[in-house]
Amino acid sequence: MTTAVTEPFGPLDPFAHPALFYRDEQEYLDGTLPFVRDGLDAGEPVAVAVPGKNLALIRDALGDAAESVRLLDMREAGRNPGRIIPGVLRAFADAQPAGRRVRIIGEPIWAGRSGVEYPACAQHEALINAAFQGRAATILCPYDVAQLPEHMVTDAYATHPTVIHPGSRAEQDSAAYAPEDVVARYNEALPPVPEALMFAFDSDSLPHARHLAVGEGARLGLVGVKLDDLALATAELTTNSVVHGGGSGVLRVWSEDGYVVCEVHDDGHLADVLAGRRPVPRDQRGGRGILLVNLIADLVRVHRSDSGTTVRCWFAR
Amino acid sequence: METRHQLSAAGPAPGLAVFPLAGRQGVRAAGEVGLTTRAIWEGVLEEAVREGEDVYYLELSDVTFVDVAGAGALAAAAGRLRDGRRFVVRRPPAALRRTLDLLWPGQRGIEVSTS
Numbered sequence: 001m002t003t004a005v006t007e008p009f010g011p012l013d014p015f016a017h018p019a020l021f022y023r024d025e026q027e028y029l030d031g032t033l034p035f036v037r038d039g040l041d042a043g044e045p046v047a048v049a050v051p052g053k054n055l056a057l058i059r060d061a062l063g064d065a066a067e068s069v070r071l072l073d074m075r076e077a078g079r080n081p082g083r084i085i086p087g088v089l090r091a092f093a094d095a096q097p098a099g100r101r102v103r104i105i106g107e108p109i110w111a112g113r114s115g116v117e118y119p120a121c122a123q124h125e126a127l128i129n130a131a132f133q134g135r136a137a138t139i140l141c142p143y144d145v146a147q148l149p150e151h152m153v154t155d156a157y158a159t160h161p162t163v164i165h166p167g168s169r170a171e172q173d174s175a176a177y178a179p180e181d182v183v184a185r186y187n188e189a190l191p192p193v194p195e196a197l198m199f200a201f202d203s204d205s206l207p208h209a210r211h212l213a214v215g216e217g218a219r220l221g222l223v224g225v226k227l228d229d230l231a232l233a234t235a236e237l238t239t240n241s242v243v244h245g246g247g248s249g250v251l252r253v254w255s256e257d258g259y260v261v262c263e264v265h266d267d268g269h270l271a272d273v274l275a276g277r278r279p280v281p282r283d284q285r286g287g288r289g290i291l292l293v294n295l296i297a298d299l300v301r302v303h304r305s306d307s308g309t310t311v312r313c314w315f316a317r
Numbered sequence: 001m002e003t004r005h006q007l008s009a010a011g012p013a014p015g016l017a018v019f020p021l022a023g024r025q026g027v028r029a030a031g032e033v034g035l036t037t038r039a040i041w042e043g044v045l046e047e048a049v050r051e052g053e054d055v056y057y058l059e060l061s062d063v064t065f066v067d068v069a070g071a072g073a074l075a076a077a078a079g080r081l082r083d084g085r086r087f088v089v090r091r092p093p094a095a096l097r098r099t100l101d102l103l104w105p106g107q108r109g110i111e112v113s114t115s
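Protein chains in written order, with our numbering: chain A, 1 to 317; chain B, 1 to 115.
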């Protein structure tokens, strides 16, 4: 280990995280293709995780070279923003030989992300900086400035240390860079709960809490693996409340807009902002509950407040 | 607006019962693996690691749920098996297969059998 590895966001930090602003397909390709080709020319592992339509653009433009690039549809791989760091970015970076610089294009925010998804997207973009601090990696994040609302573009200046303006090749420092502020600002109270099944649990009633959630999930239309996932998520969140969150909590289950939603509230304080977003070394015991929830749910939102922690997760029916 | 459904915890929590298999080395388990039964499950795995046969059977067709810590205990035990030994996990609940696939893909020492 060299001292540079622990330098916090300093000039020696080998991690780069530029936002790429684009207005059309040409600007998209002008900004992304050289990034991919330069990486391939330098022998660096390259991954592209962007929405399917943009993925097709890049794949077609790369031709045969596309076979050397890991291509992922972010609408699937990154449906839940909370799983992009562990399941896409770190999963790719950590699989490469130690010390090898990696390049990733990650586009987690697209027109059509819902209002309930967006706070999780903004927090994800902000937390990439902490999750990759000190690592030899470049993550380029395209933003469709022609379609995205202005506040999302404004946030991109706060979540990225550098930005590339439309039609430009040059990276500029972002004076507004303040990722911790974004994490705090989007720690929003969750939308009100509609009519819901509600159950107060403690250590004695943990299995019952899970059975109730599964019964309600089935009644509301979840089947197969989605119902298994609801059982896993309920078990992990309620167990966390019992073990780390003060010994008890409240479970709620309801349906909205094609999803079954499960929420667990407890009096605990989840201080670690990267909880559930770090890959866990294979030989480490425990600490994978929220990570699993992030990997299986279609959306996870967390609200930390003086009165405790609320984790809400959505499962598409 | 929230409707409170009046719910009371029904009956005793499901446990985890473990029986030796006849004719081969291993156990049949019945019930659930969660926080309240984790110690039983870890005890089973601890004993299994110390056994001598190459294959140790975990018959799980009557296990209805295994949480992430339970899957982790299995992965950790499998990682401690000496070379050439393995667990054959028979008919595990879907939750266990899902968790192993996502968090311990290709874990050595675990063979999942669905028949």
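Read the hints as simulated data drawn from the structure, not as lab findings.
A couple of the hints might just be wrong.
Only part of the chain B face toward chain A is listed, based on derived beta-carbon distances under 8 Å [stated by the list, open to error]:
hint	residue
1	V18
2	F19
3	G23
4	T36
5	A39
6	I40
7	D62
8	G72
9	R98
10	T99
11	D101
12	L102
13	L103
14	G106
Beta carbons: idealized from backbone N, C-alpha and C, even for Gly.
Checklist entry - How about B/I40: closest beta carbon in chain A under 8 Å, or not? => result 14 Å, violated
Checklist entry - Hint check: is the beta carbon of B/G106 less than 8 Å from a beta carbon of chain A? => result With a closest approach of 10 Å, the B/G106 hint is violated.
Next on the checklist: Hint B/D62 vs chain A: min CB-CB distance below 8 Å?
Outcome noted: 15 Å, violated
Checklist entry - Would the stated hint for B/V18 survive a check requiring a Cβ distance to chain A of less than 8 Å? => result Nearest chain A Cβ about 17 Å off; hint violated.
Checklist entry - Would the stated hint for B/G72 survive a check requiring a Cβ distance to chain A of less than 8 Å? => result Interface hint status for B/G72: holds (6 Å vs cutoff 8 Å).
Next on the checklist: Hint validation: B/T99 versus chain A, beta carbon distance must be below 8 Å. Holds or violated?
Outcome noted: Where the cut-off is 8 Å and the nearest Cβ of chain A is about 6 Å from B/T99, the hint holds.
Item to check | Restraint outcome when B/T36 is required to lie within 8 Å of chain A by C-beta distance | outcome: 6 Å, holds
Checklist entry - Taking the least C-beta to C-beta distance, is B/L102 closer than 8 Å to chain A? => result 5 Å, holds
Checklist entry - With a cut-off of 8 Å, does the beta carbon of B/D101 approach a beta carbon of chain A closely enough for the hint to hold? => result It is violated, given that the least Cβ distance between B/D101 and chain A is near 10 Å, above 8 Å.
Checklist entry - Any CB of chain A closer than 8 Å to the CB of B/R98? => result Where the cut-off is 8 Å and the nearest Cβ of chain A is about 6 Å from B/R98, the hint holds.
Item to check | Status of the hint placing B/G23 at chain A (closest C-beta pair under 8 Å) | outcome: 32 Å, violated
Checklist entry - Should the interface hint for B/A39 be scored as holding, given a Cβ-Cβ cut-off of 8 Å against chain A? => result At 13 Å from the nearest chain A Cβ, B/A39 fails the 8 Å test, so the hint is violated.
Violated hints, listed in ascending order, are 1, 2, 3, 5, 6, 7, 11, 14; each of the other numbered hints is respected by the structure.
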